[in-house]
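Protein sequences, first through last, are from chains R and V.
The opening residue of the first sequence carries number 2 in this note's numbering; numbering runs sequentially from there.
The opening residue of the second sequence carries number 665 in this note's numbering; numbering runs sequentially from there.
None of these hints come from the bench; they were simulated from the model.
Treat the hints with care, as some may be off.
To be verified - Derived DSBU-like pairs: lysine-lysine, alpha-carbon spacing no greater than 30 Å straight-line:
1) V:K702 - R:K12
2) V:K778 - R:K58
3) R:K72 - R:K12
4) V:K702 - V:K680
5) V:K667 - V:K702
6) V:K778 - V:K680
7) V:K734 - V:K702
8) V:K778 - V:K734
9) R:K58 - V:K680
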Amino acid sequence: DTGVSQDPRHKITKRGQNVTFRCDPISEHNRLYWYRQTLGQGPEFLTYFQNEAQLEKSRLLSDRFSAERPKGSFSTLEIQRTEQGDSAMYLCASSETSGVSYNEQFFGPGTRLTVL
Amino acid sequence: AQKVTQAQTEISVVEKEDVTLDCVYETRDTTYYLFWYKQPPSGELVFLIRRNSFDEQNEISGRYSWNFQKSTSSFNFTITASQVVDSAVYFCALSEFGAGNMLTFGGGTRLMVKP
Numbered sequence: 002d003t004g005v006s007q008d009p010r011h012k013i014t015k016r017g018q019n020v021t022f023r024c025d026p027i028s029e030h031n032r033l034y035w036y037r038q039t040l041g042q043g044p045e046f047l048t049y050f051q052n053e054a055q056l057e058k059s060r061l062l063s064d065r066f067s068a069e070r071p072k073g074s075f076s077t078l079e080i081q082r083t084e085q086g087d088s089a090m091y092l093c094a095s096s097e098t099s100g101v102s103y104n105e106q107f108f109g110p111g112t113r114l115t116v117l
Numbered sequence: 665a666q667k668v669t670q671a672q673t674e675i676s677v678v679e680k681e682d683v684t685l686d687c688v689y690e691t692r693d694t695t696y697y698l699f700w701y702k703q704p705p706s707g708e709l710v711f712l713i714r715r716n717s718f719d720e721q722n723e724i725s726g727r728y729s730w731n732f733q734k735s736t737s738s739f740n741f742t743i744t745a746s747q748v749v750d751s752a753v754y755f756c757a758l759s760e761f762g763a764g765n766m767l768t769f770g771g772g773t774r775l776m777v778k779p
């Protein structure tokens, strides 16, 4: 299967702990996106990378959140000092870039975070 | 700022009924893209369709059809002869040209198709 993969699929943590999620995009895709989806809501954009460069960050991405894509392949999303409000599904997506045309984003299965 | 509104939070139909999911969007750009995604209970978002702002032709794919009307800023999705397997949450989304392909999603419509 060469789709977008995310690890772990589920994470339960206590408030105040740090967590890190990993996303492996489709291999030829140079754009990688992170979204957050809370219960009953649509996904909200957090940040995206083109290769290793982080090109955009949402206001939702507080100082406790950091994302990296060091070699332009997989990406990690770290949340420090987790709060109960961080409980959500964290979705990763990837896409190609080709000139000015739009390229579909393919989504991974998500990591469900529960902060107790 | 871009915004997508799906006013119907939940719809319940009986199998074989037709159902239309509404989507209204706001954007200041003249070039943009509209999408529908399906999120089944498994949770993974499945891409259904993309339309660009210059193409208002309606599209049909099997039991699915989409009606794009710029005059009313709407991009509605109709499922004909619904099936139980269509039960899912459906999201409409918008991406402005040049915005790095970032998607702005609506709140979703939960469709329940009963046998």
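Hints versus structure:
At roughly 24 Å between alpha-carbon atoms, K702 of chain V and K12 of chain R fall within 30 Å of each other, so this suggested pair holds. Using a Cα cut-off of 30 Å, the hinted pair K778 of chain V and K58 of chain R is violated, with the two alpha carbons roughly 41 Å apart. A distance of roughly 25 Å separates the Cα atoms of K72 of chain R and K12 of chain R; the hinted pair therefore holds under the 30 Å criterion. Taking the CA atoms of K702 of chain V and K680 of chain V, the gap is near 19 Å; set against the 30 Å cutoff, the hint holds.
Restraint check for K667 of chain V and K702 of chain V: the C-alpha separation of about 19 Å stays at or below 30 Å, so the hint holds. Using a Cα cut-off of 30 Å, the hinted pair K778 of chain V and K680 of chain V holds, with the two alpha carbons roughly 9 Å apart. In summary, the hint linking K734 of chain V to K702 of chain V is supported, as the alpha carbons are separated by about 23 Å, within the 30 Å threshold. Restraint check: the Cα-Cα separation between K778 of chain V and K734 of chain V comes to about 33 Å, which exceeds 30 Å; the hinted pair is violated.
Taken as a hint, the K58 of chain R and K680 of chain V pair is broken in the structure, with Cα atoms around 44 Å apart against an allowance of 30 Å.
Violated hints, in rising order: 2, 8 and 9; the structure is consistent with all others.
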